[in-house]
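Student: Listed below, chain by chain, are the residues.
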Amino acid sequence: MNAIFYIASAVAVFSTVMVVTRRVAVHALLYLVVSLLSVALVFFLLGAPFLAALEVILYAGAIMVLFVFVVMLLNLGRAAAAQETRLLEGRTWAGPVILAALLLLEVVCVATGSVGPPQAVHSLGPERLGAALFGPYLLGVEIASFLLLAGLVGACHLGRSADGGGG
Amino acid sequence: MEHGLVLAGTLFAIGLAGLLARRNVLFLLMSIEIMLNAAGLAFVVGAAHWSEVDGQVMFIFVLTMAAAEVSIGLALVLRMYHRLKTLDADAASTMGG
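Residue numbers (our numbering), protein chains in the order written: chain A, 2 to 168; chain B, 407 to 503.
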């Protein structure tokens, strides 16, 4: 089981690095889909099969599809890829990589220093998740639906007047 | 559990580096999605470790929030491209500074 976890982790990390270093947006989106699928596999190994399915259906299947649609709508072409190549030189990466590496080092130290030996992983199925969502977290679910409604109305308004007058 | 947290931290750090280094707003949004997914992974790792379902509940909320944010963010990207004809984040600078 552990070997599968390490392979899935390696795929996730590699594809995520490819996402942030691509010049063409569609290539980066496809690598991001691969990263999300490998994280879904990790969810399954962690005893969250329902969340693995949700990650594939919602994150990789809806959010990434929305991204791809918008990129296709923008119709960027070769000039955009050339501009990206011009903007993204080697020394642009020095600062961010150093900062991110420092944070990662701290996370690794904290994660490996204060946690005991791993115990057996129990599978938490959707029935327990549903009981929690309809029980103690009911208010959170309602607030999340408010958020989605606000997102829906906002996206509808912003998208509608993009092609009309007024800019 | 620490391996899962290290994976979540690695993905978050990669997303952070991408967010700081890129100027194309599409790649900024993608980097934010990577960071949100990494944070959700940390929640699920915690849920697996303590066999509590609260981490999974938090991941569902994170997923919902990411979906709402992506829809609004992409609508704003479309508006920005319609007006400024570029996706460079430095081009949206008419507020001064």
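Worth flagging that the hints you see were computed from the coordinates, not collected in a lab. These numbers were taken from a predicted model, which means no experiment stands behind them. We put the CB at the ideal spot given by N, CA and C, even for glycine. Don't take every hint at face value.
Claimed, not checked - Computed Cβ-Cβ distance ranges for the label pairs, DEER-style:
{"id": "1", "chain 1": "A", "residue 1": "Ala63", "chain 2": "B", "residue 2": "Lys491", "range": "24 to 30 Å"}
{"id": "2", "chain 1": "B", "residue 1": "Ser499", "chain 2": "A", "residue 2": "Gly126", "range": "47 to 53 Å"}
{"id": "3", "chain 1": "B", "residue 1": "Thr500", "chain 2": "A", "residue 2": "Thr93", "range": "36 to 42 Å"}
{"id": "4", "chain 1": "B", "residue 1": "Ala495", "chain 2": "A", "residue 2": "Leu74", "range": "15 to 21 Å"}
{"id": "5", "chain 1": "A", "residue 1": "Thr113", "chain 2": "B", "residue 2": "Arg485", "range": "41 to 47 Å"}
{"id": "6", "chain 1": "A", "residue 1": "Leu106", "chain 2": "B", "residue 2": "Met471", "range": "25 to 31 Å"}
{"id": "7", "chain 1": "A", "residue 1": "Phe147", "chain 2": "B", "residue 2": "Asp460", "range": "41 to 47 Å"}
{"id": "8", "chain 1": "A", "residue 1": "Leu103", "chain 2": "B", "residue 2": "Thr492", "range": "15 to 21 Å"}
Stated by the list, open to error - A few chain B residues that face chain A, going by a derived Cβ cut-off under 8 Å, partial list only:
{"id": "9", "residue": "Ile420"}
{"id": "10", "residue": "Leu426"}
{"id": "11", "residue": "Asn430"}
{"id": "12", "residue": "Leu434"}
{"id": "13", "residue": "Met441"}
{"id": "14", "residue": "Leu447"}
{"id": "15", "residue": "Ser457"}
{"id": "16", "residue": "Gln462"}
{"id": "17", "residue": "Phe465"}
{"id": "18", "residue": "Ser477"}
{"id": "19", "residue": "Ala481"}
{"id": "20", "residue": "Val483"}
{"id": "21", "residue": "Lys491"}
{"id": "22", "residue": "Ser499"}
{"id": "23", "residue": "Thr500"}
Stated by the list, open to error - One side of the interface only, derived from the structure: several residues of chain B facing chain A at Cβ under 7 Å:
{"id": "24", "residue": "Thr416"}
{"id": "25", "residue": "Ala423"}
{"id": "26", "residue": "Val450"}
{"id": "27", "residue": "Met501"}
Student: Hint by hint, note whether the structure agrees.
Tutor: Right, here's what the structure says about each hint:
1. Here the CB-CB span from Ala63/A to Lys491/B is close to 29 Å, well matched to the stated 24 to 30 Å.
2. About 51 Å separates the C-beta atoms of Ser499/B and Gly126/A, a value consistent with the hinted range of 47 to 53 Å.
3. For the pair Thr500/B and Thr93/A, the beta carbons lie near 24 Å from each other, so the given range of 36 to 42 Å is not met.
4. A beta carbon spacing of about 19 Å between Ala495/B and Leu74/A agrees with the range 15 to 21 Å that was offered as a hint.
5. Against the hinted window of 41 to 47 Å, the Cβ-Cβ separation of Thr113/A and Arg485/B comes to about 45 Å, which satisfies the hint.
6. Hint check: Leu106/A to Met471/B, Cβ distance near 28 Å, so the stated range 25 to 31 Å holds.
7. Restraint check, Phe147/A to Asp460/B: a C-beta distance of roughly 21 Å breaks the suggested window 41 to 47 Å.
8. Taken as a hint, the range 15 to 21 Å is violated for the pair Leu103/A and Thr492/B, whose Cβ atoms sit roughly 32 Å apart.
9. Using the Cβ-Cβ criterion of 8 Å, the hint placing Ile420/B at the interface with chain A is satisfied: the shortest such distance is roughly 5 Å.
10. Here the hint on Leu426/B is kept, as its CB sits about 4 Å from the closest CB of chain A, short of 8 Å.
11. For Asn430/B, the shortest C-beta to C-beta distance to chain A is roughly 6 Å, which falls under 8 Å, so the interface hint holds.
12. With 8 Å as the threshold, the beta carbon of Leu434/B stays out of range of chain A, its nearest partner Cβ sitting at about 10 Å, so the hint is violated.
13. Because the closest C-beta pair between Met441/B and chain A is about 10 Å apart, greater than 8 Å, the hint is violated.
14. A hinted interface residue such as Leu447/B counts as satisfied when its beta carbon comes closer than 8 Å to some beta carbon of chain A; here the least separation is about 6 Å, so the hint holds.
15. This hint holds: Ser457/B has a C-beta 5 Å from the nearest C-beta of chain A, less than the 8 Å allowed.
16. Evaluation of the Gln462/B hint against chain A yields a held restraint, the C-beta minimum of about 5 Å falling below 8 Å.
17. For the restraint placing Phe465/B at the interface with chain A, the shortest Cβ-Cβ distance is roughly 6 Å, inside the 8 Å limit, so the hint holds.
18. For the restraint placing Ser477/B at the interface with chain A, the shortest Cβ-Cβ distance is roughly 4 Å, inside the 8 Å limit, so the hint holds.
19. A least Cβ separation of about 4 Å between Ala481/B and chain A falls short of the 8 Å threshold, and the interface hint therefore holds.
20. For Val483/B, the suggested interface contact is upheld, since its CB lies about 6 Å from the closest CB of chain A, less than 8 Å.
21. The restraint placing Lys491/B at the interface with chain A is violated, with a minimum CB-CB distance near 11 Å, outside the 8 Å limit.
22. A least Cβ separation of about 15 Å between Ser499/B and chain A goes past the 8 Å threshold, and the interface hint is therefore violated.
23. Look at Thr500/B: its Cβ only gets to about 13 Å from chain A, farther than 8 Å, so that hint breaks.
24. Interface restraint check: Thr416/B against chain A, minimum CB-CB distance 5 Å, threshold 7 Å, status holds.
25. A least Cβ separation of about 4 Å between Ala423/B and chain A falls short of the 7 Å threshold, and the interface hint therefore holds.
26. A least Cβ separation of about 5 Å between Val450/B and chain A falls short of the 7 Å threshold, and the interface hint therefore holds.
27. Of the supplied interface hints, the one on Met501/B is violated, with its beta-carbon coming no nearer than about 16 Å to a beta-carbon of chain A, more than 7 Å.
Of the hints listed earlier, those the structure fails to meet are numbers 3, 7, 8, 12, 13, 21, 22, 23, 27, in rising order.
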